[in-house]
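*Asks:* Make the full structure from the sequences, and use the hints.
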Amino acid sequence: DTAVSQTPKYLVTQMGNDKSIKCEQNLGHDTMYWYKQDSKKFLKIMFSYNNKELIINETVPNRFSPKSPDKAHLNLHINSLELGDSAVYFCATAGGNYEQYFGPGTRLTVT
Amino acid sequence: GNSVTQMEGPVTLSEEAFLTINCTYTATGYPSLFWYVQYPGEGLQLLLKATKADDKGSNKGFEATYRKETTSFHLEKGSVQVSDSAVYFCALSRRSGGGADGLTFGKGTHLIIQP
Numbered sequence: 050d051t052a053v054s055q056t057p058k059y060l061v062t063q064m065g066n067d068k069s070i071k072c073e074q075n076l077g078h079d080t081m082y083w084y085k086q087d088s089k090k091f092l093k094i095m096f097s098y099n100n101k102e103l104i105i106n107e108t109v110p111n112r113f114s115p116k117s118p119d120k121a122h123l124n125l126h127i128n129s130l131e132l133g134d135s136a137v138y139f140c141a142t143a144g145g146n147y148e149q150y151f152g153p154g155t156r157l158t159v160t
Numbered sequence: 046g047n048s049v050t051q052m053e054g055p056v057t058l059s060e061e062a063f064l065t066i067n068c069t070y071t072a073t074g075y076p077s078l079f080w081y082v083q084y085p086g087e088g089l090q091l092l093l094k095a096t097k098a099d100d101k102g103s104n105k106g107f108e109a110t111y112r113k114e115t116t117s118f119h120l121e122k123g124s125v126q127v128s129d130s131a132v133y134f135c136a137l138s139r140r141s142g143g144g145a146d147g148l149t150f151g152k153g154t155h156l157i158i159q160p
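In order, the protein sequences belong to chains H and P.
So the number in the numbering used here is just where the residue sits in the first sequence, counting from 1, plus 49.
So the number in the numbering used here is just where the residue sits in the second sequence, counting from 1, plus 45.
Calculated directly from the structure, the hints in this document are not laboratory data.
Ideal placement from N, C-alpha and C gives every residue a C-beta, glycine not left out.
There's no promise every hint is true.
In silico lysine-lysine, BS3-like type, Cα no more than 30 Å apart, as pairs [stated by the list, open to error]: (1) H:90 - P:152; (2) H:120 - P:113; (3) H:89 - P:152; (4) H:116 - H:90.
Far from chain P, some chain H residues (derived; all Cβ distances over 10 Å) [to be verified]: (5) 56; (6) 60; (7) 75; (8) 112; (9) 113.
*Replies:* What follows is the structure in structure tokens.
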């Protein structure tokens, strides 16, 4: 049983399209995150949700919109995709012990 | 703001060599500190953590000690294996306490172990 799963694993799409990435966790954690890893492997937090409420919203273009239908899911919707959005996107969860658990990542390629 | 600085890679070592990857941080309050490892094509796995000063985190032969006086959390291993080849990230929690905190990451150190 995978603790944090993401779909799809790979996503190739053209500029201007709208796409979504889904994340599900079965750890029962209250908090979920989205991180972006660029081509140089640098990781930066994008969003944090605690119990379906947005807690952190870093300086991310408003083309990115997280949606949490319930505590176990945090999806990322991206409108009007740009070349610079190409990256690996990681979902993560955290319980009360400061540890974060990461999904396998979704590699987004915008052509 | 908070930041993490770690040595640039790639770091190339021979099998059974001693490993040190330096990590220093800048933070307000009392952050928790972490080392994560990323194997090729995979997500990040927590390697070890320390939540207060002088704590030592350890796992799979890796160790790191939370040094508040030098704001450091260096990763060490006495004898590395080829299977340790990966990218290692030092990270801190953005505030002290609270599971809702995001992590601030260093830029990652690519470790290559040669047989």
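*Asks:* Taking the earlier hints as the rules, which of them does this structure contradict?
*Replies:* 2
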